[in-house]
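Chains as they are written, first to last, in this note's numbering: chain A, 3 to 300; chain B, 3 to 300.
It should be emphasised that the hints constitute simulated quantities derived from the structure, not laboratory data.
Bear in mind the structure is a predicted one, so any value in this text is a computation, not a measurement.
Any given hint might turn out to be false.
One copy or two, it doesn't matter: identical chains are merged, so the pair holds either way.
What the hints assert, rightly or not - Below 27 angstroms or equal to it, Euclidean Cα-Cα: the simulated DSSO-like pairs (lysine-lysine) are:
id: 1; residue 1: LYS224; residue 2: LYS200
id: 2; residue 1: LYS284; residue 2: LYS201
id: 3; residue 1: LYS284; residue 2: LYS224
id: 4; residue 1: LYS217; residue 2: LYS69
id: 5; residue 1: LYS201; residue 2: LYS217
id: 6; residue 1: LYS284; residue 2: LYS200
id: 7; residue 1: LYS24; residue 2: LYS172
id: 8; residue 1: LYS19; residue 2: LYS59
id: 9; residue 1: LYS111; residue 2: LYS36
id: 10; residue 1: LYS36; residue 2: LYS108
id: 11; residue 1: LYS59; residue 2: LYS36
id: 12; residue 1: LYS156; residue 2: LYS36
id: 13; residue 1: LYS44; residue 2: LYS69
id: 14; residue 1: LYS224; residue 2: LYS201
id: 15; residue 1: LYS17; residue 2: LYS296
id: 16; residue 1: LYS296; residue 2: LYS36
id: 17; residue 1: LYS296; residue 2: LYS108
id: 18; residue 1: LYS59; residue 2: LYS201
id: 19; residue 1: LYS296; residue 2: LYS59
id: 20; residue 1: LYS156; residue 2: LYS204
2 protein chains.
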Amino acid sequence: MARIIQCVPNFSEGKDKEIIEKIVEEIRRMDEVKLLDYSMDKDHNRSVVTFIGEPEKVIEAAFNASKVASELIDMRTHTGGHPRMGATDVIPLIPISDVTMEECVKYSKELGRRIGEELGISVFLYEKSAETPARENLADIRRGQYEGMADKLKQEEWQPDFGPNILNEKAGVTAVGARMPLVAFNVNLGTDDVEIAKKIAKSVRARTGGFTYCKAIGLEIKERNIVQVSMNMVDYTQTSLFRVFDTIEREANRYGVNVIGSEIIGLVPMQALVDVADYYLKLENFNSSQILEKRMFE
Amino acid sequence: MARIIQCVPNFSEGKDKEIIEKIVEEIRRMDEVKLLDYSMDKDHNRSVVTFIGEPEKVIEAAFNASKVASELIDMRTHTGGHPRMGATDVIPLIPISDVTMEECVKYSKELGRRIGEELGISVFLYEKSAETPARENLADIRRGQYEGMADKLKQEEWQPDFGPNILNEKAGVTAVGARMPLVAFNVNLGTDDVEIAKKIAKSVRARTGGFTYCKAIGLEIKERNIVQVSMNMVDYTQTSLFRVFDTIEREANRYGVNVIGSEIIGLVPMQALVDVADYYLKLENFNSSQILEKRMFE
Chain A
3 MARIIQCVPN
13 FSEGKDKEII
23 EKIVEEIRRM
33 DEVKLLDYSM
43 DKDHNRSVVT
53 FIGEPEKVIE
63 AAFNASKVAS
73 ELIDMRTHTG
83 GHPRMGATDV
93 IPLIPISDVT
103 MEECVKYSKE
113 LGRRIGEELG
123 ISVFLYEKSA
133 ETPARENLAD
143 IRRGQYEGMA
153 DKLKQEEWQP
163 DFGPNILNEK
173 AGVTAVGARM
183 PLVAFNVNLG
193 TDDVEIAKKI
203 AKSVRARTGG
213 FTYCKAIGLE
223 IKERNIVQVS
233 MNMVDYTQTS
243 LFRVFDTIER
253 EANRYGVNVI
263 GSEIIGLVPM
273 QALVDVADYY
283 LKLENFNSSQ
293 ILEKRMFE
Chain B
3 MARIIQCVPN
13 FSEGKDKEII
23 EKIVEEIRRM
33 DEVKLLDYSM
43 DKDHNRSVVT
53 FIGEPEKVIE
63 AAFNASKVAS
73 ELIDMRTHTG
83 GHPRMGATDV
93 IPLIPISDVT
103 MEECVKYSKE
113 LGRRIGEELG
123 ISVFLYEKSA
133 ETPARENLAD
143 IRRGQYEGMA
153 DKLKQEEWQP
163 DFGPNILNEK
173 AGVTAVGARM
183 PLVAFNVNLG
193 TDDVEIAKKI
203 AKSVRARTGG
213 FTYCKAIGLE
223 IKERNIVQVS
233 MNMVDYTQTS
243 LFRVFDTIER
253 EANRYGVNVI
263 GSEIIGLVPM
273 QALVDVADYY
283 LKLENFNSSQ
293 ILEKRMFE
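Whole structure, please, built from the sequences with the hints as guidance.
As structure tokens, then:
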């Protein structure tokens, strides 16, 4: 398989289809990059674009899209329900195949530097790219939103990582950062007692003592008369799907309940599933370069 | 993922590197085709080439390679330890990704027809492409070898599927056929009693009442002081790795022995592993188009 990263930029325009088409065209026209999806939210006045590809080309496409956004979106007149601080509000970069997190951080810095220097936009590095813990969380960076950014940029602790420390009034501020892919993974239990799902969710999620890279809630699936442990696996390389699944199965058993199925919602990196096969088959020395399809595009 | 088939042609030349390089060059130079491996066997005087790619391009490359082989290899002077009947002896086509067996059969016929008509070589369709059960087994087609083919082609039951019914003396006869990918899968048992491995192999292999698409033997791994059920899974879509693995685990348990690991030797199609993950996680409605990497090359 080729080296692949994913990019999911958010733009502060969700109504004018012509503007979003011009932004998306910068991604569509790039070789070795594949546009997977884009969606406009009118209430939030915000669009989310998803694409994957060869890392250097993804960076190039993300830069070009940000440039067009800075030309066509004016933050001085922007309103919408979602917190936002820039025309290109945030650009997450996500390692998918044969790219390390360290490399992804390097790409995010290269992209951030270009947006800062060439477009004259203040850029903050967040998540895994953050230089200090205070910048890891996007919500902290974005606090005060666009309207508060002129003042925020004057504060010593909010000097941007790249670009000017004076607000670009039209384009606002952009956050760029590397993060792991998120896998939406739900496990269904053969009971209608939602309390059991809630107790199990509590036992597997990080916040209440469970697995570090697992977020979980318990909820009812009324139309099927069952309950579900609904999860976001925020780093499948460190908290594996199989380990959480096995734990849920044991915990359910303790309540006399069966796991009747599971679901992966949306996209999943191949390696997350290969890890599952590797575990249950007790594979020795398996290397994902043994997967035929990986050879095709290496 | 793009549509991918694998092709593993065998050529009756294993000594003259210059000839094999010229044949392989026809594969190497083709766009959307990836040469994975080629190996020359001097004793067998035979070479095996492995490549994958977009089906139409694979067919084109296989045809071009056969053409060069028919020009550079002379069967009238060929000797070697392996049974053979043609300069291009056999061309298996194997569905890997987003290609059905039926489509692969269609491609094999297209390739066979071209070799027959354009190169004037008698072609037999074998395995899944065979028009009659008598031609399913390559050994039956090849019986008599090159030296017996002039007579064999005169027999009514051995009229070729494509090409002349008179032997092309220089190029011989070629077999073309679609078959499933073979997965070499071994399961290791925590005992030094090879009889247990042999009994379990007997219980899972087709020949002695086990799974239809499983070939298995029991053997010792002396350097590790363990035993192994060594298998060829000849159609993982019908006899799954997980089902055989689970059965071996239960059978081993019956002898008080643990499965301590397993191995996949060589290449494996991604779907064979995705099926394993799907089974153990009890996934509901999972579609392999949810795998991010598949989107990149679709």
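Verification of the hints:
no.	hint	in the structure
1	LYS224 / LYS200	within (15 angstroms within a copy, 51 angstroms between copies)
2	LYS284 / LYS201	between (30 angstroms within a copy, 21 angstroms between copies)
3	LYS284 / LYS224	between (37 angstroms within a copy, 20 angstroms between copies)
4	LYS217 / LYS69	neither (35 angstroms within a copy, 59 angstroms between copies)
5	LYS201 / LYS217	within (13 angstroms within a copy, 46 angstroms between copies)
6	LYS284 / LYS200	between (31 angstroms within a copy, 21 angstroms between copies)
7	LYS24 / LYS172	within (18 angstroms within a copy, 61 angstroms between copies)
8	LYS19 / LYS59	within (25 angstroms within a copy, 39 angstroms between copies)
9	LYS111 / LYS36	within (22 angstroms within a copy, 34 angstroms between copies)
10	LYS36 / LYS108	within (21 angstroms within a copy, 30 angstroms between copies)
11	LYS59 / LYS36	both (10 angstroms within a copy, 22 angstroms between copies)
12	LYS156 / LYS36	neither (39 angstroms within a copy, 55 angstroms between copies)
13	LYS44 / LYS69	within (22 angstroms within a copy, 60 angstroms between copies)
14	LYS224 / LYS201	within (18 angstroms within a copy, 49 angstroms between copies)
15	LYS17 / LYS296	neither (40 angstroms within a copy, 31 angstroms between copies)
16	LYS296 / LYS36	both (17 angstroms within a copy, 11 angstroms between copies)
17	LYS296 / LYS108	both (24 angstroms within a copy, 25 angstroms between copies)
18	LYS59 / LYS201	neither (45 angstroms within a copy, 55 angstroms between copies)
19	LYS296 / LYS59	both (19 angstroms within a copy, 18 angstroms between copies)
20	LYS156 / LYS204	neither (42 angstroms within a copy, 77 angstroms between copies)
Of the numbered hints given earlier, the model fails hints 4, 12, 15, 18 and 20; all others are met.
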